[in-house]
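Protein chains in written order, with my numbering: chain A, 11 to 287; chain B, 83 to 371; chain C, 856 to 1120.
For the record, the hints were derived by calculation from the structure and aren't laboratory data. Don't take every hint at face value.
To be verified - Computed list of lysine-lysine pairs in DSBU-like fashion (alpha-carbon distance at most 30 Å, straight line):
{"no.": "1", "chain 1": "B", "residue 1": "205", "chain 2": "C", "residue 2": "1035"}
{"no.": "2", "chain 1": "A", "residue 1": "59", "chain 2": "A", "residue 2": "196"}
{"no.": "3", "chain 1": "A", "residue 1": "223", "chain 2": "B", "residue 2": "261"}
{"no.": "4", "chain 1": "A", "residue 1": "166", "chain 2": "A", "residue 2": "59"}
{"no.": "5", "chain 1": "A", "residue 1": "32", "chain 2": "C", "residue 2": "1069"}
{"no.": "6", "chain 1": "A", "residue 1": "182", "chain 2": "A", "residue 2": "166"}
{"no.": "7", "chain 1": "A", "residue 1": "78", "chain 2": "A", "residue 2": "166"}
{"no.": "8", "chain 1": "A", "residue 1": "274", "chain 2": "B", "residue 2": "359"}
{"no.": "9", "chain 1": "A", "residue 1": "241", "chain 2": "B", "residue 2": "268"}
{"no.": "10", "chain 1": "C", "residue 1": "1032", "chain 2": "B", "residue 2": "268"}
{"no.": "11", "chain 1": "B", "residue 1": "205", "chain 2": "C", "residue 2": "1032"}
{"no.": "12", "chain 1": "A", "residue 1": "182", "chain 2": "A", "residue 2": "232"}
{"no.": "13", "chain 1": "C", "residue 1": "1096", "chain 2": "C", "residue 2": "1003"}
{"no.": "14", "chain 1": "A", "residue 1": "166", "chain 2": "A", "residue 2": "199"}
{"no.": "15", "chain 1": "B", "residue 1": "318", "chain 2": "A", "residue 2": "182"}
Claimed, not checked - Sample of chain B residues with no beta-carbon within 12 Å of chain A, all distances over it, derived:
{"no.": "16", "residue": "89"}
{"no.": "17", "residue": "104"}
{"no.": "18", "residue": "133"}
{"no.": "19", "residue": "140"}
{"no.": "20", "residue": "155"}
{"no.": "21", "residue": "194"}
{"no.": "22", "residue": "208"}
{"no.": "23", "residue": "215"}
{"no.": "24", "residue": "216"}
{"no.": "25", "residue": "219"}
{"no.": "26", "residue": "245"}
{"no.": "27", "residue": "273"}
{"no.": "28", "residue": "275"}
{"no.": "29", "residue": "303"}
{"no.": "30", "residue": "307"}
Note that beta-carbon positions come from the ideal geometry of N, C-alpha and C, so glycine has one too.
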Amino acid sequence: MSAIEFREVFFRYNEESPFVLKNFNLTIEQGQTVAVLGHNGSGKSTVSKLVNGLLTPQSGEILVNDTKIRTSNVWEIRKNVGMVFQNPENQFVGTTVRDDVAFGLENRGIPRDEMEQRIKQSLMNVGMEQYMDHEPHHLSGGQKQRIAIASVMAIKPEILLLDEATSMLDPKGRKEILATIQTLKKHGKMTMVMITHDLNEIVLADRIIVMNKGNIYLDTTKELLFTHHKKLESIGLTLPFTVELALELEKYDYQFALYPLNYKEFNKELWTSNLNK
Amino acid sequence: MDIQFKQVSYTYQPHTPFAYQAIRNINLSISSGEYIAIVGHTGSGKSTLLQHINGLLLPTDGEVQIGEYILSSNNKRQDLRKLREKVGIVFQYPEHQLFEETVEKDISFGPHNFGIPKDEISKRVLSSIEKVELQTNFLEKSPFELSGGQMRRVAIAGVLAMEPEVLILDEPTAGLDPKGQIDIMKMFYQLHQSKQMTTILVTHQMDHALKYADRIIVLANGEVYMEGNPEEIFSKTNQLQEVNLDVPEILTLIQDFNQRFNGTIRYQRQSIAELAKEIVEHFRENKRL
Amino acid sequence: MKSFMIIGQFVPGTSSLHKLDPRTKMVTIFSFVIIVFFANNVLSYGWLALFSLALILLSKIRIPYILKGITPVWFLIIFTFILHLFITREGPVLLEISTFKIYEGGVIRGLTISLRFLLLVLVTSLLTLTTSPMEITDAIEELFAPLKKIKVPVHELALMMSISLRFIPTLLEETEKISKAQASRGVDFRTGTLKDRMYAIVPLLVPLFISAFKRAEELAMAMEARGYNGSEGRTKLRELKLTNIDYIAILLYVIINIIFFTLRQ
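Generate coordinates for the entire structure from the input sequences, incorporating the hints supplied.
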């Protein structure tokens, strides 16, 4: 069973504007962690909003757990698809952390006793249980995003969509979210889709999809992603510094079996490369 | 314009249960034409500090001297406009301050407020849109039909049109994609070099501080924690870790390389190509040994 | 830039006033607002003043903080007093300054009305000082629940209120940020003619509206994604419950009122 499936999807925001997605096809298997990258305007954010039924395609079908999204079942689908947005401020509904996590549960008519339990559990999962009664303006961006994740997880969705969830955070906040994603990945069999530019998030993914002009440009893995460096640069994506350095060294006949994503990998690769020389 | 902080402290909402001292006993001096990076994590007092430089905040204690201006708590209300004309601030997410119908009007807004003559303003509008690398046909457009990155450039042009002597950049790359970040940092560096502008970059991106700043000031808990040139600052790994700051990856890589391969490479703002060359040379020499 | 105003500001605490159910506080305080107008002699005023003082002490909020916090209202109170001093012409003349005559009736009227005003401000600000905005919203939703029968969207209104409350600090911060950004582009919000100042507000208001709309749009989307679909089938986490302390408070309040009505003439 596939978690998410796009079949020949066309989408545009209104009739005058060009198509954001053009004959888009994509299948994501259950339990996969997928990173979707691409520059602004490549259509990557549209993809996540379509999965959640927040947007409806002009033609084509979108299936979640093999069920086609229709207006009649969209609320059912949303129970299974949790979504964390970019701006930490604009998705915090409650006046306190507790209320915010409760919001989604209240919407689903969860009884009070169970609510209390789930709030506690999901706040513990993101390490925010001691902030239960805090108001949003006393929290950092990273903390607010952790609450957003907790709020979504309290619903126990099977699919989690992170739509540039770290792009507005400071380095500390980013690290917090990455650690949270990592624990979620370890514990659950959840399907995760991360829309991102952040290399650290990409590293967590089993599968990488690069989007350009409303279509899939590359469908690869993190190990192989940067073997496509020319293609990536041609659509205006940047390479990590370690990959650039490796590419420079290739000019001197050094060979890299894998393009290194951090300094440790780099020096390790350099070691073997140097031995083989 | 030289900038000097003498024993500066600032408290928000003093004498209330909500009183909060954001910076304390800050002593600093920044000379004309320097490129300074102020780093520290959120809540370290960076934003409070920079707002003292153009009189948006007046110190609760101590005094700030900017050129001939002296700001302190017992300041009689002086005309701060002259000061603000000389000290431009690019705030975090500056695109939020756009409001005019056209890009041209928005860029003219600052100079207009400072009483710059009309023909001079149109000259400045043209030169500043060029500086932010946008085409002149943008001038007629509404700022709200532009993309996020373009809006940010328009907002920056609005600050540059004031032709400030000191340019303060508060997290200018926040929320941009990696390519946008690189482009905008390069643009500011070119401006700094061509105009001899004093540039004060407030950032939590250590690689930007390393790459561009002459001097780094590290703030932690409202105090100056460390101060020095980038190489000095980033060699103090433990001290940085204590205040939750990272060392840029290029330095960690060089350090790790030197340990592993017995190398002697030093970071001196070399390009990636130059660094690759040094690595190759290191291995050549060691083979000869 | 921030002015010192405590009206509407919540000071978290654990005093017995903080612990009361918000409905208890709202009902008693609104009835107090009416009761104040029944006071008609020194004893009854004194009794109410004593009651207010007791409430302040119970809240454990520092008195100077409260008094200083209502500074803008002091001006109004003094103004009311002076106004009555000059317009009321009853009783014997106490003082005569050229054409102005101050009557005993004026002094008494001025004093009582200012005192009434002061008591009202003190007690109502105690409500907001000891009750979080969220609790107030909950209490309003509960107290007005019967109106649902005549199709008043009580739940939606309460949700709107709580969301507005949640965004007040965000928008204040934003206002400050934008006004600082514009100030550093040479806008002067504080000097100049009235017309100048009106114009100065445009560069502040336009960005604020744009950002508020953007926030509203994003928030609506986030709420939809989290399954918000109106009040139907919704449960509530917060439950208001009257406890012993509420019953004691209500009883005391009734006794205080009985004494009050025996004291007045």
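Quick one: work out the minimum CB distance from residue 303 of chain B to chain A and report holds if it exceeds 12 Å, violated otherwise. holds, 15 Å
For residue 1096 of chain C and residue 1003 of chain C, compute the direct alpha-carbon distance and say whether it is at most 30 Å. holds, 21 Å
Next pair to validate is residue 241 of chain A with residue 268 of chain B; report whether the Cα-Cα distance is within 30 Å. holds, 24 Å
Regarding the assertion that residue 89 of chain B does not contact chain A, is the least Cβ-Cβ distance greater than 12 Å? holds, 29 Å
Does the alpha-carbon distance linking residue 166 of chain A and residue 199 of chain A stay inside the 30 Å limit? Judged against 30 Å, a Cα distance of about 11 Å means the pair holds.
Taking the minimum C-beta separation from residue 216 of chain B to chain A, is that value above 12 Å? Holds: least Cβ distance 16 Å, greater than 12 Å.
Does the claim that residue 194 of chain B lies off the interface hold, with its Cβ farther than 12 Å from every Cβ of chain A? Answer for residue 194 of chain B: holds, closest chain A Cβ roughly 32 Å.
Is the nearest Cβ of chain A still more than 12 Å from the Cβ of residue 133 of chain B? Label holds. Min Cβ-Cβ 19 Å, cutoff 12 Å.
Compute the least Cβ-Cβ separation between residue 245 of chain B and chain A, then decide whether it is above 12 Å. Its Cβ never comes within 12 Å of chain A, the nearest being 31 Å, so this holds.
Residue 274 of chain A and residue 359 of chain B: Cα distance at most 30 Å? Holds, because 19 Å separates the two Cα atoms, which is no more than 30 Å.
For a C-alpha distance cap of 30 Å, please report whether residue 182 of chain A and residue 166 of chain A respect it. With a Cα-Cα distance of about 27 Å, the restraint between residue 182 of chain A and residue 166 of chain A holds, given a limit of 30 Å.
Satisfaction of hint between residue 182 of chain A and residue 318 of chain B, Cα-Cα up to 30 Å: Within the cut-off at roughly 19 Å; holds.
Of the numbered hints given earlier, the model fails none.
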